[in-house]
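Here are the chains, one letter per residue:
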Amino acid sequence: MSNTTAVTPVLECKNVNISYYTRAGEIPAVIDFNLTVLPGESIGIVGESGCGKSTVALAIMNYMGKNGRVKSGQILFNGRDLQTMSEDELRSIRGSQISMVYQEPMASLNPSMKIGEQLIEVPLYHENVTEAEARQRSMEMLAAVRLPDPQRIMDSYPHQISGGQQQRVVIAMALLSKPALLLLDEPTTALDVTVEAGIVQLIKDISKQFGTSMIYISHNLGLILETCDRITVMYSGEAVESGAVQTVFNEMRHPYTRGLFASIPLPGTNKNSRPLVPIRGQLPLPQNRPQGCYFGPRCDFFQAGRCDTQGGINMRPVPDEQRHDVRCVRFEEIDWASYRPTGLSGEQAEIGKTVLEVKHMKKYYELKDSSLMAMIKGKKVQYVKANEDINLIAREAETVAIVGESGCGKSTFAKVLMGLEEATEGEVILNGLELSHTPVQARKAQTVALLQMVFQNPFDTLNPSHTVGSQIARVIKKFDIESDPDKINQRVMELLDLVKLPRDFALRRPRQLSGGQKQRIGIARAFAGRPSVVVADEPVSALDVSVQAAVTGLLTDIQRNLKTTLLFISHDLSVVRYVSDRIVVMYLGHIMEQGTTDEIFNPPYHPYTEALLSAVPIADTSVKKRHIVLEGELPSPVNPPSGCPFQTRCPRKIGAICETQLPPLQQTATGHAIMCHIPLAELQLIEQVFQVDAA
Amino acid sequence: MIVLAAKRLVAMLLIMLVVSFILFSLFEADKMAVAGKVLGPYSSVEQRETWLSQNGYDEPFFTRYTQWVGGALHGDFGNSLQYKVPVSELLVDRLKNTGILALVFFLIMIPLSLTLGVLAGMKEGSWLDRIISIFSVLTTSIPEFVTATFLTGLFVYTWHLLPGTSSMTSGFSWKEMILPVAVLVIYDFGYVTRMTRASMAEVMTSQYIRTAILKGLPYKRVIMRHALRNALIAPFTVIVLQLNWLLSGLVVVEVFFAYKGFGSLLVDAALFGDIYVIEACVMVAVFIAVFSQFISDIGYTLLNPRIRFS
Amino acid sequence: MTETIKLDKEIPAKRESGFKRFFKALALMRESPVGMIGALIILFWVTMAVLAPFLPLYDPNAIMSPFQKIGAAAPDGGTFWLGTDHKGRDILSRIIWGAQKVLIWATFATFVAYVVGMLMGVLAGYKGGWADEIVSFVANIFLSFPFIILCIIIVATLGASGWTVVVAVTFASAPQIMRIVRGLVLDLKTRDYIFAAQTRGESPWYIMLVELLPNARGPLIVDACLRLGYTVVAIATLGFLGLGLPPPDPDWGLMLKEAVPLGAFAGHSMYLPAAALASLILGFNLLADGLREISLRD
Ligand SMILES: Nc1ncnc2c1ncn2[C@@H]1O[C@H](COP(=O)(O)OP(=O)(O)OP(=O)(O)O)[C@@H](O)[C@H]1O
Ligand code: SF4
Ligand code: SF4
Ligand SMILES: [Mg+2]
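Residue numbers (my numbering), protein chains in the order written: chain U, 11 to 705; chain P, 3 to 312; chain Z, 35 to 332.
Bear in mind the hints are in silico, worked out from the structure with no lab data behind them. You may find that some hints are simply not true.
What the hints assert, rightly or not - Cut-off 30 Å, straight-line C-alpha distance, at most; resulting in silico cross-link-like pairs (DSS-like, lysine-lysine):
{"no.": "1", "chain 1": "U", "residue 1": "497", "chain 2": "U", "residue 2": "510"}
{"no.": "2", "chain 1": "P", "residue 1": "222", "chain 2": "U", "residue 2": "81"}
{"no.": "3", "chain 1": "U", "residue 1": "24", "chain 2": "U", "residue 2": "124"}
{"no.": "4", "chain 1": "P", "residue 1": "222", "chain 2": "U", "residue 2": "76"}
{"no.": "5", "chain 1": "P", "residue 1": "9", "chain 2": "Z", "residue 2": "223"}
{"no.": "6", "chain 1": "U", "residue 1": "369", "chain 2": "U", "residue 2": "454"}
{"no.": "7", "chain 1": "Z", "residue 1": "161", "chain 2": "U", "residue 2": "372"}
{"no.": "8", "chain 1": "U", "residue 1": "214", "chain 2": "U", "residue 2": "188"}
{"no.": "9", "chain 1": "U", "residue 1": "573", "chain 2": "U", "residue 2": "497"}
{"no.": "10", "chain 1": "U", "residue 1": "488", "chain 2": "Z", "residue 2": "223"}
{"no.": "11", "chain 1": "U", "residue 1": "124", "chain 2": "P", "residue 2": "98"}
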């Protein structure tokens with residue numbers, strides 16, 4: 011690293027070890043961590059949950075909480091060790107020279123103080139300015155982060171503005187005193203994709219405009235590619251590979267980095283012919299990391315005697331490359347060219363007859379408005395239009411994905427299907443049976459068994475009070491699949507085999523399982539009654555990247571073999587492209603576009619689909635993408651815009667007609683349907699959103 | 003906001019109505035028993051019947067109930083059987099005494115427990131926190147009349163510093179106030195302290211406090227401006243609701259120290275079977291309880307901008 | 035990962051015996067010294083209460099020589115280890131028998147209040163809508179009575195007896211328990227496993243009792259502990275006000291009521307029951323604190 015000494019780095023972490031001290035003993039959260047940030051550079055730190063990313067960020071702020079401590083090593087800011095600074099010195103640096111943006115904007119802002127007051131504090135306490143000046147500066151900064159009407163925002167409380175706006179406020183707060191270093195800890199994870207795209211754009215512009223150095227923490231490789239110059243990949247508390255973004259993305263050297271890339275659904279992967287390759291096993295807890303290389307038990311190149319030596323593995327520079335380091339004893343000798351791991355591939359099952367049909371389904375929720383205004387006007391009941399005119403067909407062995415951002419009505423749709431909510435209008439036909447007005451309790455056991463669900467959150471999908479086996483057994487009993495205890499037991503074992511979990515898991519309680527394992531049990535439970543349709547509501551979005559691929563693979567594999575119809579609900583277009591045969595795009599309760607996966611990803615696009623596609627970050631340097639940033643906020647479904655629901659944010663809006671008339675559904679011969687006033691022929695001419703470079 | 007207040011008010015009136023009805027049916031549905039209480043156990047059936055018809059008890063139950071409610075609204079609860087004076091006179095006098103006791107109690111308890119709670123919650127796990135926490139569990143564990151027993155034993159019997167009764171027969175005396183107030187404060191401050199501590203501790207671990215610290219604000223400003231406001235919302239409601247608890251405590255303390263307040267009036271009435279006094283006292287107590295609930299709900303909304311503006 | 039372990043029919047995990055689980059729980063208490071102290075205090079009083087009939091004690095109601103000091107010799111050659119009261123009854127015996135009485139009634143009353151309160155709470159929380167409105171309104175009515183005042187009314191109507199105490203405690207505590215359970219259920223019912231149960235068509239009662247309640251047990255155990263303490267206070271307070279369990283059987287509250295006016299020359303007959311009462315309640319509060327601390331840890 012001799013070539014970096016010419017300029018003083020803004021930040022330098024040297025052999026940093028950080029531990030938390032708990033009742034159970036010392037937990038080494040970060041081990042032997044090195045990082046150099048040059049002025050103006052932006053560094054990405056990527057890694058799965060619990061690998062120590064946030065710990066690094068907080069250590070840089072020298073804010074370790076009650077039980078955390080930097081055990082050894084130095085963290086130098088402009089050449090000075092933060093550890094040795096007094097409280098007063100730290101205070102003068104925090105918020106003025108190093109500032110931070112957090113994952114949850116709502117929780118990071120004080121709920122009982124006006125935003126203006128929270129902003130002006132920064133200049134008031136760090137610089138000698140008058141209150142008027144501080145206010146002026148805050149307003150300018152709000153405008154700089156592209157918030158409309160800064161005056162109004164200054165006078166609002168945090169809960170009065172949307173999540174995206176809150177995050178812009180936090181960014182503005184962080185930039186107010188022109189810091190030398192900006193830390194961003196998963197700044198967009200809590201936001202919707204189209205809102206995320208706006209914030210990412212803002213962050214990129216800021217680093218250019220202000221020349222601020224940045225550390226951008228994320229679990230999403232695509233975002234790092236879009237925002238950073240350099241990247242550090244972390245695994246279980248250690249940095250395993252670091253280098254320039256282009257180098258690491260194109261010529262990664264560490265088996266974990268390689269595994270990570272193989273398990274994300276990049277364009278070009280496909281569930282049948284080019285399946286994802288999951289990393290086997292699971293992340294070790296800090297308490298039971300293996301000896302030697304922490305990645306050893308999951309690594310295909312593990313070599314006893316070299317990879318499990320005492321004392322750990324050192325980070326070593328890659329010969330003939332600049333500032334590219336890898337923590338692997340074998341990286342020079344691994345021959346990636348001949349390494350062809352395979353995922354769960356399979357033949358596309360033949361798509362059969364129609365199993366599920368939804369016709370003109372509507373679901374309105376009543377909302378009692380008890381404000382004084384409503385009482386005076388006599389308009390006491392309002393409707394949340396969660397689903398408007400949903401039409402959809404799903405056939406045997408087909409995977410239909412429903413995509414859309416939060417509040418677009420995906421989950422409501424699932425609830426109506428399952429019979430947890432009654433449809434306001436329309437029909438839901440399952441195997442010829444009309445179900446839209448039959449609540450689940452009134453359905454026959456066989457009917458209920460035919461339609462089952464996999465839930466989103468692994469932490470609440472299983473009841474913590476009962477054993478895993480008894481929860482699966484209950485389903486088998488309930489659906490009259492078996493009644494003899496031995497047979498039920500037998501079936502439970504088969505189901506555990508099906509989801510590739512050891513049989514003795516039946517006796518475990520949910521808290522003894524990892525997230526991915528719980529999600530597998532959730533899948534076993536859904537398939538216990540031999541369903542013909544399974545609704546999966548964001549089944550992998552709460553899981554770690556490396557585990558996601560395994561669970562997705564499992565789900566599609568079971569579905570393929572059993573010829574089940576899968577309704578895959580998700581906000582993540584990359585996963586959706588990977589798993590689905592057909593895609594339905596929803597916005598504010600309406601279906602904006604539906605068609606086969608190819609049709610959705612190629613022109614003609616619906617303007618909303620186009621924006622959505624361009625918002626998805628893609629971790630592939632060979633993909634060139636058009637950037638479309640949507641203006642405005644997601645309207646509330648209580649008060650949807652007139653005319654086209656997308657009218658308030660649509661970049662292609664053609665005029666008054668969009669504001670007054672609900673657009674027609676334009677359909678092609680193949681069934682590709684787009685709801686827009688722009689004629690199909692014209693939409694057809696739109697350029698591809700992303701192109702894969704041949705080179 | 004106004005709608006919420008109106009709704010609460012209606013609910014409050016409804017509860018008062020139901021309570022009054024339960025009370026009335028409990029104590030006055032059986033006419034003969036009422037007459038028995040009034041005229042004494044040795045009165046004859048004829049005497050009771052004459053008394054009943056003279057006092058309007060021949061009317062149907064509902065008519066009597068409405069008349070009683072009407073009277074109660076004008077402050078007319080009938081005459082006390084024990085003291086032979088109008089219940090309202092008795093009540094006003096006793097309520098005034100109890101009010102003084104409660105006021106002094108609140109004036110001492112609130113600043114004490116808020117300060118201790120904030121100090122303890124500011125640095126969770128520090129020695130100050132531990133001492134305050136343990137001390138407050140100890141004191142809340144000892145019921146009022148047990149504390150009163152120990153205090154009386156020491157200050158009255160052993161050291162002869164204070165009077166053992168607080169009947170204030172020779173006019174108001176601060177000396178006689180000390181023990182009753184001390185007992186109430188000792189028992190009650192721990193609860194509020196613990197609530198304040200929990201609230202403060204939660205706020206101190208919240209992300210917005212982290213934001214404030216990492217903004218480089220001085221510690222004092224972080225506490226005073228960012229933490230306190232949010233941390234005191236919960237204790238506020240607790241303190242107001244404390245009125246309801248306090249009434250129970252007052253009953254015990256007043257009986258113990260023979261303080262001529264509302265609580266001792268109620269217990270005397272219960273022991274004597276003075277039904278009109280019981281009815282009146284209970285209505286007043288329930289009114290205070292329901293009203294404090296109302297104030298606490300409204301206050302909570304006012305203090306919490308997240309609710310106020312939605 | 036995929037190696038399978040053959041397991042024979044024993045799917046339902048063997049439940050440990052109650053005894054074993056009790057000691058496991060006690061071992062857990064080691065993690066919280068405060069809770070440990072509380073548990074020991076309670077254990078002491080429970081043992082006393084259970085052993086009361088077997089200990090060499092005087093009849094708690096037998097009238098012997100009044101105002102004997104601690105450790106004084108009894109007329110029959112025995113010892114009044116804790117002296118006698120103004121009527122000449124053995125204080126040690128009265129305290130131990132009093133412990134038995136207060137523990138039995140407090141446990142029973144709390145149990146009844148819990149059954150009622152939990153059913154109300156799950157119903158209101160899970161069903162919502164009208165069921166919630168009605169149950170909550172009824173609860174609010176009883177919550178609007180200050181605790182002691184509610185007891186006074188009930189005693190004034192039903193007369194003083196152990197059963198009256200049970201009724202009074204139920205009326206006063208059940209609404210509070212209902213509120214806690216309702217809050218817990220409102221939170222728990224949005225969990226996916228509840229949706230999973232609903233989507234397989236389970237009946238509401240199955241969901242309430244099998245899927246919901248077991249998950250609410252943590253906070254409820256802590257609350258039950260605190261509430262036992264309150265109930266002991268309530269019973270003693272009623273006794274002190276002369277509205278509790280009827281004399282002459284020993285009752286801590288009543289013992290205090292009788293002893294305080296004479297405290298000037300028989301301090302021990304007043305301090306001892308007071309200390310007994312305070313220690314028992316402290317035990318419950320400390321145990322509750324310890325349990326809460328442990329449950330918050332993981
Ligand atoms: N206060 C704490 N006490 C004990 N252990 C902690 C504490 N905070 C974090 N840890 C542990 O330290 C390790 C690193 O945590 P950290 O929060 O830095 O991970 P992360 O990479 O930011 O994860 P995520 O992606 O979930 O935000 C984890 O194993 C975590 O459980
Ligand atoms: S050190 Fe060994 S086990 Fe670790 S990543 Fe390299 S090859 Fe794999
Ligand atoms: S109808 Fe108009 S506003 Fe709607 S998507 Fe088409 S162009 Fe945009
Ligand atoms: Mg983190």
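Comparing the hints with the structure gives:
1. 497/U - 510/U: holds (20 Å)
2. 222/P - 81/U: Judged against 30 Å, a Cα distance of about 29 Å means the pair holds.
3. 24/U - 124/U: Roughly 40 Å separates the two Cα atoms, so the pair is violated.
4. 222/P - 76/U: holds (19 Å)
5. 9/P - 223/Z: holds (27 Å)
6. 369/U - 454/U: Given pair residue 369/U, residue 454/U holds - Cα atoms ~22 Å apart, limit 30 Å.
7. 161/Z - 372/U: The given pair, whose Cα atoms are some 25 Å apart, holds under the 30 Å limit.
8. 214/U - 188/U: Holds: residue 214/U and residue 188/U sit about 16 Å apart, inside 30 Å.
9. 573/U - 497/U: holds (24 Å)
10. 488/U - 223/Z: Measuring from Cα to Cα gives roughly 20 Å; hence the hint holds.
11. 124/U - 98/P: Not OK: residue 124/U and residue 98/P at ~43 Å, beyond 30 Å, violated.
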